[in-house]
Structures are given as structure tokens and as C-alpha cells.
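Listed here are the chains, written in short residue letters.
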Amino acid sequence: MKKGNDWRYKISNKEAIMGTVLAVLNFIWWYAFAYGLGGRPVKEYTYILGFPAWFFYSCIVGFIVFTILVYIMVKFFFKEVPFDADDQEREGGSQ
Amino acid sequence: MNWDVILPLAVFLILVFLVGIYTSKHIKSGPSFLQDYFLAGRELGGFVLAMTMVATYGSASSFIGGPGAAYQLGLGWVLLAMAQLVTGYFTLAVLGKKFAIVARKINAVTLIDFLKSRYESKWVVILSAVSIVIFLFSAMAAQWVGGGRLIESFTGVSYTTALFTFSASVLVYVIAGGFRAVVITDAIQGVVMVIGTVIILAGTVMAGGGIENIMGELKAENPNLISPFGSDESLTPLFVSSFWILVGVGVVGLPQISVRAMSYRNSKAMHRAMIIGTFVVGFIMLGMHLAGVFGRVILPGIEVPDKVMPLLALEVLPGWLAGIVLAAPLAAVMSTVDSVLLLVSSAIIKDVYINYIKPDASERFVKRLSFGITAVVGLSVFAMAINPPDLLIWLNLFAFGGLEAAFIWPIVMGLYWKRGNATGAIASILVGVGSYMWLHLNDPNLWGMHTVVIPVVLSFFAYILGSFTKGDRPQTNTF
Numbered sequence: 001m002k003k004g005n006d007w008r009y010k011i012s013n014k015e016a017i018m019g020t021v022l023a024v025l026n027f028i029w030w031y032a033f034a035y036g037l038g039g040r041p042v043k044e045y046t047y048i049l050g051f052p053a054w055f056f057y058s059c060i061v062g063f064i065v066f067t068i069l070v071y072i073m074v075k076f077f078f079k080e081v082p083f084d085a086d087d088q089e090r091e092g093g094s095q
Numbered sequence: 096m097n098w099d100v101i102l103p104l105a106v107f108l109i110l111v112f113l114v115g116i117y118t119s120k121h122i123k124s125g126p127s128f129l130q131d132y133f134l135a136g137r138e139l140g141g142f143v144l145a146m147t148m149v150a151t152y153g154s155a156s157s158f159i160g161g162p163g164a165a166y167q168l169g170l171g172w173v174l175l176a177m178a179q180l181v182t183g184y185f186t187l188a189v190l191g192k193k194f195a196i197v198a199r200k201i202n203a204v205t206l207i208d209f210l211k212s213r214y215e216s217k218w219v220v221i222l223s224a225v226s227i228v229i230f231l232f233s234a235m236a237a238q239w240v241g242g243g244r245l246i247e248s249f250t251g252v253s254y255t256t257a258l259f260t261f262s263a264s265v266l267v268y269v270i271a272g273g274f275r276a277v278v279i280t281d282a283i284q285g286v287v288m289v290i291g292t293v294i295i296l297a298g299t300v301m302a303g304g305g306i307e308n309i310m311g312e313l314k315a316e317n318p319n320l321i322s323p324f325g326s327d328e329s330l331t332p333l334f335v336s337s338f339w340i341l342v343g344v345g346v347v348g349l350p351q352i353s354v355r356a357m358s359y360r361n362s363k364a365m366h367r368a369m370i371i372g373t374f375v376v377g378f379i380m381l382g383m384h385l386a387g388v389f390g391r392v393i394l395p396g397i398e399v400p401d402k403v404m405p406l407l408a409l410e411v412l413p414g415w416l417a418g419i420v421l422a423a424p425l426a427a428v429m430s431t432v433d434s435v436l437l438l439v440s441s442a443i444i445k446d447v448y449i450n451y452i453k454p455d456a457s458e459r460f461v462k463r464l465s466f467g468i469t470a471v472v473g474l475s476v477f478a479m480a481i482n483p484p485d486l487l488i489w490l491n492l493f494a495f496g497g498l499e500a501a502f503i504w505p506i507v508m509g510l511y512w513k514r515g516n517a518t519g520a521i522a523s524i525l526v527g528v529g530s531y532m533w534l535h536l537n538d539p540n541l542w543g544m545h546t547v548v549i550p551v552v553l554s555f556f557a558y559i560l561g562s563f564t565k566g567d568r569p570q571t572n573t574f
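For the record, the sequence lines run as chains A and B. For the first sequence, the working numbering gives the first residue as 1, with consecutive numbering after it. For the second sequence, the working numbering gives the first residue as 96, with consecutive numbering after it.
Hints are computed from structural coordinates only; laboratory data are not their basis. Glycine included, C-beta positions come from ideal geometry on N, C-alpha and C. Errors might be hidden in some of the hints.
Stated by the list, open to error - Think about it this way: if two alpha-carbon atoms lie no more than 30 Å apart in a straight line, the pair counts; the simulated DSS-like pairs of lysine-lysine are:
#  : chain 1 : residue 1 : chain 2 : residue 2
1  : B       : 462       : B       : 211
2  : B       : 402       : B       : 211
3  : B       : 200       : B       : 314
4  : A       : 14        : B       : 200
5  : B       : 513       : B       : 120
6  : A       : 10        : B       : 200
7  : B       : 200       : B       : 211
8  : B       : 402       : B       : 217
9  : B       : 120       : A       : 79
10 : A       : 14        : B       : 120
11 : B       : 462       : B       : 217
12 : B       : 211       : A       : 14
13 : B       : 314       : A       : 79
14 : B       : 363       : A       : 10
15 : B       : 200       : A       : 75
16 : A       : 79        : B       : 211
17 : B       : 513       : A       : 10
18 : A       : 79        : B       : 462
19 : B       : 200       : B       : 120
20 : A       : 79        : A       : 14
21 : A       : 10        : B       : 211
22 : A       : 43        : B       : 314
23 : A       : 14        : B       : 513
24 : B       : 200       : B       : 402
25 : B       : 453       : A       : 75
As the list claims (entries may be wrong) - Just so you have them, the derived chain B footprint on chain A, three or more residues with Cβ under 8 Å:
#  : stretch
26 : 6-15
27 : 20-33
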């Protein structure tokens with residue numbers, strides 16, 4: 001067992017931090033648009049595609065933007081590592 | 096009875112049933128039986144993993160209770176529901192590859208297997224197993240009751256008949272097929288949930304004369320319906336934000352979700368699942384809750400929130416389409432109870448029986464026991480659901496938040512903080528569950544936040560404090 005830390009854990013730790021940062025950004029986006037634009041009196045609301053602007057940006061655009069950010073994070077920043085140390089061949093194979 | 100609606104529902108039930116039975120043929124015997132029965136041999140691909148996570152998490156409240164609340168409170172409740180977008184990627188990103196790798200190294204089949212090897216403590220195992228069995232058993236019974244009521248309200252058959260149909264179809268495929276049957280049927284149920292969302296949202300927008308028109312009428316009725324604060328201005332920013340813990344990041348602590356993070360085949364599957372899961376959970380939550388708000392313009396004056404969705408579907412859609420839409424909440428309930436049922440039975444068999452009562456039980460016996468216990472648990476839930484005792488309903492109140500407060504830190508800190516130890520984990524579980532129950536009974540929504548927030552904070556400090564006071568860190572490099 002004693003042979004230093006598993007090299008894959010470093011990658012995993014980094015990815016866990018990225019996921020957490022994304023969640024924090026997601027919260028900020030959601031909160032800032034909802035209460036920044038939506039905190040005004042309803043009379044002053046502007047509308048986009050029929051929705052109040054706060055809702056459009058916070059919930060609809062936010063949903064699309066963060067789905068795309070997850071895609072980017074996973075495609076470009078997450079690394080593929082084998083799970084079974086003694087059976088690395090299987091990782092490449094698909095089914 | 097409304098045959099137009101019943102027919103698609105019946106087709107759906109039969110389809111799920113047949114697929115569940117079919118997958119059970121793949122169950123292996125021999126030494127890999129437990130891995131296969133409770134974890135599908137860790138072979139989940141990206142799509143199935145995403146769907147089973149979303150479908151297990153999404154319950155009746157996503158399709159019935161939530162849209163009903165949105166109907167009453169307006170866009171503010173849709174905003175609250177969108178806190179759930181984060182569940183699509185957060186659980187998999189945070190537990191991450193490390194959880195999957197560790198689980199393989201120690202051959203973990205259940206969440207408790209992981210806790211057991213990480214903390215090497217009998218008490219951690221017993222406390223966890225007890226909380227899982229008690230809380231999830233009652234949560235499952237509550238969903239079971241919901242499933243029966245749902246069928247009753249759509250079709251007009253009696254509650255007992257509805258409950259029997261529902262339970263029989265779920266029970267047979269879970270017992271026979273185990274985890275593989277659960278996740279494959281979850282995938283089908285997830286697809287039905289997405290299709291149902293598309294149909295009801297489109298139908299509602301058309302019946303309401305377009306979004307602009309709907310917003311205009313909502314504003315005329317009560318301007319607060321289109322503000323983020325709710326029709327009665329009860330939704331403060333702090334209260335709504337606190338749902339990011341309950342239905343967002345805290346979901347990491349739900350055993351039925353975290354066990355899925357050790358079931359996927361490879362990195363690629365995890366990556367795909369994060370993308371698909373985020374999209375699907377966001378789409379369902381946004382679509383269903385918006386439909387609830389829009390419904391207010393089409394069918395004003397519904398007093399009981401739970402009736403909004405069924406009535407709306409029957410109003411804006413032709414019968415057979417309404418049947419497909421109403422299959423969605425049923426799918427949500429089924430996909431939650433099948434997963435929880437298997438989890439409870441794995442806690443009893445793998446975590447308690449094999450760990451402490453009979454470690455050398457023969458493979459054949461374990462196999463028979465697995466089928467047997469799953470059946471017994473399922474049948475007792477069914478018996479309880481016919482006439483639910485008060486205790487069960489009372490326990491269910493704590494299930495969701497209590498489990499999150501109990502497990503979030505022992506899992507997450509156990510993975511990422513070497514210093515964490517058994518004393519910390521035990522303190523965290525006890526403080527988390529205890530403070531959640533106490534707060535819920537004595538001072539719910541303390542300081543304007545959902546009850547779950549403070550117990551999650553307290554259990555964090557309990558974990559740290561416990562770990563510093565006593566005990567050693569693990570001696571291996573496995574973690």
C-alpha cells in the first residue's frame with residue numbers, strides 16, 4: 001500500500017475544485033440577475049421574449065450558459081484516467 | 096374512468112415492467128453476485144448514469160408539488176426550483192473520480208462499505224445503516240403512498256387497487272433484476288419525464304395564448320407573481336438561496352445519489368453523464384415549474400396545489416397526450432422508490448448481515464437472501480402504505496434534510512481530508528441528524544433560512560472538532 005499517493009487523486013482533487021468553483025459561479029449568476037434586475041418595482045421591468053428580464057437571464061440564459069460551461073469544463077479540463085490500475089486496456093475500449 | 100388517459104399509463108407500466116424483467120436475465124452468479132445485484136457490476140455508461148441520477152433525485156415533488164407551489168407563488172418559485180440545476184454536475188464533480196477509484200480499490204458495493212473502510216469503525220457503520228434504513232424506509236413509504244394516490248386521481252380506480260398495481264410492477268423488477276433493472280428502467284422513466292415536460296409546457300403556452308399574453312395576465316392579477324419574491328412576498332432572497340443547500344449541493348449527502356457515483360464504467364461515462372444530467376435536470380425543473388405558473392392563467396382558482404398538474408394536463412391536452420404527461424410523475428415516483436428500495440435492502444444485507452452477523456455466508460445463500468430481503472422490505476412498505484402509521488409520516492419529514500446533514504461531511508471530508516477520523520464522522524452524523532430533528536420540531540426555518548442549513552454547518556464543525564480531539568488518521572494510502 002505504501003508507495004506515495006495515487007497519481008490519479010491529484011487530477012481528481014483538481015476536478016472537484018473546478019466543480020465547486022462552477023457551482024459558486026452558477027449561484028452568483030443566478031442570484032445577481034434574479035435580485036439585481038428583479039428587485040426593482042414590477043412596473044419598471046423590461047421583457048425579453050415575453051419573460052421579465054430578471055427571469056430570462058437568471059433562469060433561462062443561466063440554464064443554457066451553465067450547461068455549456070459544464071460541457072467546456074468536462075471536454076477541455078477534465079482528464080480521462082483509468083479506474084482499474086491493473087487493467088488499463090479496458091479504458092480505451094468502448095461498447 | 097378515463098380510458099384515454101389510462102391506456103398510455105398502462106402501456107408505460109407494462110413497458111417498464113417488461114424491460115425490468117428482461118434485464119434481470121443478465122444477473123451473474125458466482126463471486127460477483129453482490130457487485131452485480133447492487134451495483135450492476137460498475138458498468139454504467141454516461142447516458143444511463145445521467146438518467147438514473149436525475150430520475151432518482153426527481154420525485155413526485157418535481158412534477159406535482161413543485162408546479163403546484165409555482166402556480167400559487169409565481170416565477171419566484173421557478174427561481175427557487177432552478178437551484179437544482181447544480182445537482183446535474185456537482186455530485187459527480189465533487190465525489191469525482193476519486194470516489195470511483197477508491198470504491199474499486201476497496202471493493203465497495205454500498206456507501207457504507209466506503210465509510211467502513213475509511214473510518215474502520217463499527218459505530219460509523221451501525222449509525223449509518225440505522226439512519227439509512229429508518230429514514231429511507233419512511234421516505235419510500237411516503238413516495239409509495241404518493242404513487243398510489245397519483246394513479247387513483249388520474250384513473251379513478253380505488254386507492255388500494257392503484258397501490259397494488261404500482262407496487263407489484265416496481266417490486267417484481269427490482270427483486271428480480273437488482274440495480275441493473277433499476278437503472279435501465281430509470282433511463283426509460285427519465286426519458287418519459289423529459290417528453291412529459293415538453294408536451295405539457297407546449298400545451299400550456301399554446302392554451303394561454305403565448306408567453307407575452309400569459310405574463311400580461313399574471314401581472315394584471317398580481318404583479319408579485321412575476322417578481323422573484325412570490326405572490327405573497329414570502330420568498331426572501333435568503334430563504335430562496337438556502338435551497339441551494341437542500342436541493343442543490345447538499346444532494347451529495349443523499350446515499351441513493353452518492354452510491355451511483357461508484358457505479359459508472361469509466362471517466363468517459365462520468366464526463367458524459369455530467370453534461371447530459373445538467374441539461375436534463377435543468378430542462379425538467381424549468382419546464383415543469385413554468386408550466387405550473389402558466390397554468391394559473393388557464394385554470395384560475397385551483398385551491399389544492401397538488402391538483403394543478405393533473406387538471407392542467409386534462410384541460411390543455413387531448414386525453415391520450417395527457418396520459419403521457421401524467422406518466423411522468425408516475426415515472427418520477429417509480430424511479431425514486433426502486434432505487435431507495437434496493438439501497439435499504441443493500442444496507443440490511445451487505446452492511447449489517449454480512450459485516451457483522453455472518454461474514455462467511457455462502458454465495459448461494461447471499462443470493463437467496465438478497466432476493467428475500469428485497470422482497471420483504473418491499474412488501475412491508477406496501478403493507479405500511481395501505482394505511483400509513485403516523486410515526487412513518489413523522490419520520491419522513493426528516494428523511495431528506497436529515498440524511499444530507501448526516502452524510503455530507505463523512506463522505507466529502509472522508510475523501511478529501513486525511514485528518515478526518517471515526518470520532519469526527521460519528522459526531523457529524525449524530526449532530527447532523529439530531530440538530531435537524533430538533534430544529535425542525537422547535538424552530539423550523541430559523542433566521543429565515545431553510546431548516547437544513549444550520550445542521551449542515553453544525554455537522555461540519557462536529558466533524559472537524561471530533562477529528563482533532565481523538566483518534567488517528569487512516570494508516571493506508573488508499574484514500
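Right, here's what the structure says about each hint:
1. About 22 Å separates the Cα atoms of residue 462/B and residue 211/B, which keeps this hinted pair within 30 Å; it holds.
2. About 44 Å separates the Cα atoms of residue 402/B and residue 211/B, which puts this hinted pair outside 30 Å; it is violated.
3. Annotation: proposed proximity of residue 200/B to residue 314/B is violated, straight-line Cα distance about 58 Å (limit 30 Å).
4. A distance of roughly 20 Å separates the Cα atoms of residue 14/A and residue 200/B; the hinted pair therefore holds under the 30 Å criterion.
5. A threshold of 30 Å between alpha carbons decides the hint, and for residue 513/B with residue 120/B the separation of about 42 Å lies outside it, so the pair is violated.
6. This hinted pair checks out: residue 10/A and residue 200/B have alpha carbons roughly 17 Å apart, not beyond 30 Å.
7. For the given pair, residue 200/B sits about 13 Å from residue 211/B by alpha-carbon distance, which is consistent with the 30 Å threshold.
8. Note on residue 402/B and residue 217/B: the hinted pairing is violated, with a Cα-Cα distance of about 47 Å set against a maximum of 30 Å.
9. Distance hint between residue 120/B and residue 79/A is unfulfilled; the C-alpha atoms sit about 35 Å from each other, more than 30 Å.
10. Between the alpha carbons of residue 14/A and residue 120/B the distance comes to roughly 40 Å, so the proposed pair goes past 30 Å and is violated.
11. Among the hinted pairs, residue 462/B with residue 217/B is consistent with the structure: their alpha-carbon atoms are about 24 Å apart, no more than 30 Å.
12. Distance check on the hinted pair: residue 211/B and residue 14/A sit about 25 Å apart at the alpha-carbon level, within 30 Å; holds.
13. Among the hinted pairs, residue 314/B with residue 79/A is inconsistent with the structure: their alpha-carbon atoms are about 48 Å apart, more than 30 Å.
14. Taken as a hint, the residue 363/B and residue 10/A pair is honoured in the structure, with Cα atoms around 18 Å apart against an allowance of 30 Å.
15. For the suggested pair residue 200/B and residue 75/A, the alpha carbons sit about 26 Å apart, so the restraint of at most 30 Å is met.
16. Taking the CA atoms of residue 79/A and residue 211/B, the gap is about 29 Å. The hint holds against a cut of 30 Å.
17. Among the hinted pairs, residue 513/B with residue 10/A is consistent with the structure: their alpha-carbon atoms are about 14 Å apart, no more than 30 Å.
18. Note on residue 79/A and residue 462/B: the hinted pairing is violated, with a Cα-Cα distance of about 38 Å set against a maximum of 30 Å.
19. For the given pair, residue 200/B sits about 28 Å from residue 120/B by alpha-carbon distance, which is consistent with the 30 Å threshold.
20. Using a Cα cut-off of 30 Å, the hinted pair residue 79/A and residue 14/A holds, with the two alpha carbons roughly 10 Å apart.
21. A C-alpha spacing of about 23 Å is found between residue 10/A and residue 211/B, which places the hinted pair at or below 30 Å, so the restraint holds.
22. At most 30 Å may separate the alpha-carbon atoms for a hinted pair to count; residue 43/A and residue 314/B meet this at roughly 9 Å.
23. Our distance criterion of 30 Å between C-alpha atoms is met by residue 14/A and residue 513/B, whose separation comes to about 16 Å.
24. Between residue 200/B and residue 402/B the CA atoms are separated by roughly 49 Å; this puts the pair beyond 30 Å, and the hint is violated.
25. This hinted pair does not check out: residue 453/B and residue 75/A have alpha carbons roughly 46 Å apart, beyond 30 Å.
26. Taking a C-beta to C-beta cut-off of 8 Å, the stretch 6-15 of chain A contributes 7 residues in contact with chain B, enough for the three needed, and the coverage statement holds.
27. Evaluation of the coverage hint for the stretch 20-33 of chain A: fulfilled, as 7 residues show C-beta separations to chain B shorter than 8 Å, against a requirement of three.
Checked against the numbered hints above, the structure violates hints 2, 3, 5, 8, 9, 10, 13, 18, 24 and 25; every other hint is satisfied.
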